Amino acid sequence: MDNRKIDWKKYLYTFVITALIFSTAIFLSNYFSQKKLAEIRLIQDTIAIDILSSETQFSLLEELSCKDVTTEILSKELGSLEEKLTYTEKDRGSDDSEIQTLKKYYSLLQIKDYLLMSKISQKCDKTPISIVYFYSNKGDCEDCEKAGYVLTRLRQEYPEVRVYAFDYNLDISALQTLISINKVENNLPALIIGEKVYYGFQSLEDIEDLIPELTELKELKNATSTQATTTKNN
Amino acid sequence: MIEISSAITYVFLFVSLYFEIFLLITYFENRAKIKEESFNLVNNKVKRFPTVTIIIPCWNEEKTVSKTVNSLLNLDYPKDKLSIMIIDDGSTDNTWGIIQKFKNKKQIKVFRKENGGKYTALNFGLSKSTSDLIGCLDADSYVDKDALKNIVHYFEDKKTMSVTPSVKVWKPKNIIQMIQKVEYDWGVFLRKMFSYLGAIYVTPGPFSIFKKEVFEKLGGYKHAYQTEDMELAVRMQTNHYKIVNAHDAIVYTVAPDSINKLYKQRLRWTYGFIKNVMDYKHLFSIKYGNLGIFILPLASISIISGIYIITMAIINLAFRIFDFYTKWSVIGFDINKPDLNFDWFFINTSFMTIISIISLMGIVALLFIARKMAEKRFAFGMDLVYFLTLYAFISPLWMFKAVYNAIFSVKTYWR
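These protein sequence lines map, in sequence, to chains A and B.
Residues in the first sequence are numbered from 1433 upward in steps of one, following my numbering.
Residues in the second sequence are numbered from 212 upward in steps of one, following my numbering.
This is chain A alone, in the form it adopts within the complex (with noise of 0.2 angstroms):
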């Protein structure tokens, strides 16, 4: 065979190969992005029902003391929820229709959670360690993405603090209440911590300084630290 011929169906038999390569990966990319989706509102379910579960055990413990009622009975999955939601918006864009429903989702059940914690706080005269954090990935929050270590960090050395954290342009009504009423200005990134707001970067040690409980957080786990080393020392 003259070896300048060309092969038109070697051409196009690659091209059809390639293209069902091309085809695969699209396919599996999506099965995976949807795999993702379905745990996601798999874990939002789950918090659901463990709000719901904790605002009925909340009723019918109302009525009784307060020594059963802790905040143990909060939801416990939020900080995964929100870390996979965080990692799915960076991967798929914050313009995807589908990231943007999951996280107003994901914003009503912080505010239910935070509220059903305010309320336990309140009958059972707690000062509840929370930290509401407003962000915007619009491009207007320089130091929102420093904020943001700064909060995973403080989850990670203090399980106990419930850090909700909100995208303040997200169009949903009740989020726009819960900003109204704490007056929050649209200078972010913004705290509320305690009843007060704080604008702009806060680091690790200015949040621990804000709320002292966290001193005495830390005071305890080096203590119980200590005392785990020395009696394994002894």
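I should point out that these hints are in silico values taken from the structure, not numbers from a laboratory.
The structure presented is a predicted model; accordingly, all values stated were derived computationally and were not measured.
No residue lacks a Cβ here, since even glycine has one placed at the ideal position from N, Cα and C.
Computed cross-link-like contacts, BS3-like style, restricted to lysine-lysine with a CA-CA straight-line distance of at most 25 angstroms:
hint : chain 1 : residue 1 : chain 2 : residue 2
1    : A       : Lys1437   : B       : Lys422
2    : A       : Lys1441   : B       : Lys498
3    : B       : Lys246    : A       : Lys1437
4    : B       : Lys244    : A       : Lys1442
5    : A       : Lys1437   : B       : Lys369
6    : B       : Lys274    : B       : Lys472
Take a look, some chain A residues computed to stay more than 10 angstroms from chain B by CB distance:
hint : residue
7    : Ile1481
8    : Asp1572
9    : Thr1656
Position chain B relative to chain A; hints supplied.
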């Protein structure tokens, strides 16, 4: 902007995957033929030994020229049919002194001329040769003893006008040479595939052999941006001359042993490629078969895509480093709490990642086939690791510069 950049990346990925599959199909189509050719070389003796002249152009090659000449003297080829011309192209070292020891050998002629560049030395040799076949051997390359016999075999097809050998790296010692070993093995495979496609566009300096009539009809070597071996090949392709590859004809070449030398060599090659392609742009035509519609366009695109992909990778890396720095500046190193919990959720399953992995698997598969063809066995070595991890980062160095030089017409130098 991001959409445009993603779209460009997808196109490049599609083209690169297409090329990989095309090569794999070509290989499997011709696998039996490759074996048959090797079998014929061993079992069917050459019927007629044509006269051959090998020209060795030298410029300051005192360290390697003796070994080069001795390798030619050791060729398994009738002595009366093989002439060797050593041409000292105005060396400033002791090359002339060293080649004197060969001047009394019957097969060898030594000449000295004013320095004028490799192509002038080759043309000097061509003007003095009357053999049926003429070839060149760079003075830093050594031939395997069966190389010429195996090449001559392919000239039994009357249409064949030039035969290229398999070029391999001579005893790689450091990482730079080991990377090139994989690259040259890859070249062995690629040249054979291009041979089947009628699309060889370089007749390498080390031991490509030509029929005398190539030079009689097309003229001698040209300066061609110091890549005369490519220019001659594309000139032959323009004239529809058949060039084939003898994969069992082995030639070893001493590869650059430092990044600086490698950079200079590759800059010259890439620059020469770009300029020759521009001079011979008429080859981008269906008239020139697979070379015109696929191989040359793809080789040209690969320079652009190489630059584009590595630029994107560098930008991406810069962003990651910036993010890491931001994180570090606010919370320090998180060395106390490594997160050991594995969650599949955080595995990157984007289309880009999946297709890149498939493409990489294709490259690895082709590299193994190339290794098998070049070394006659599958062997996994550190050279493959170095190649896969480092080559993508060093090759853009000369690609960027070559494109820059070609656009702004900056001359490149041999050394």
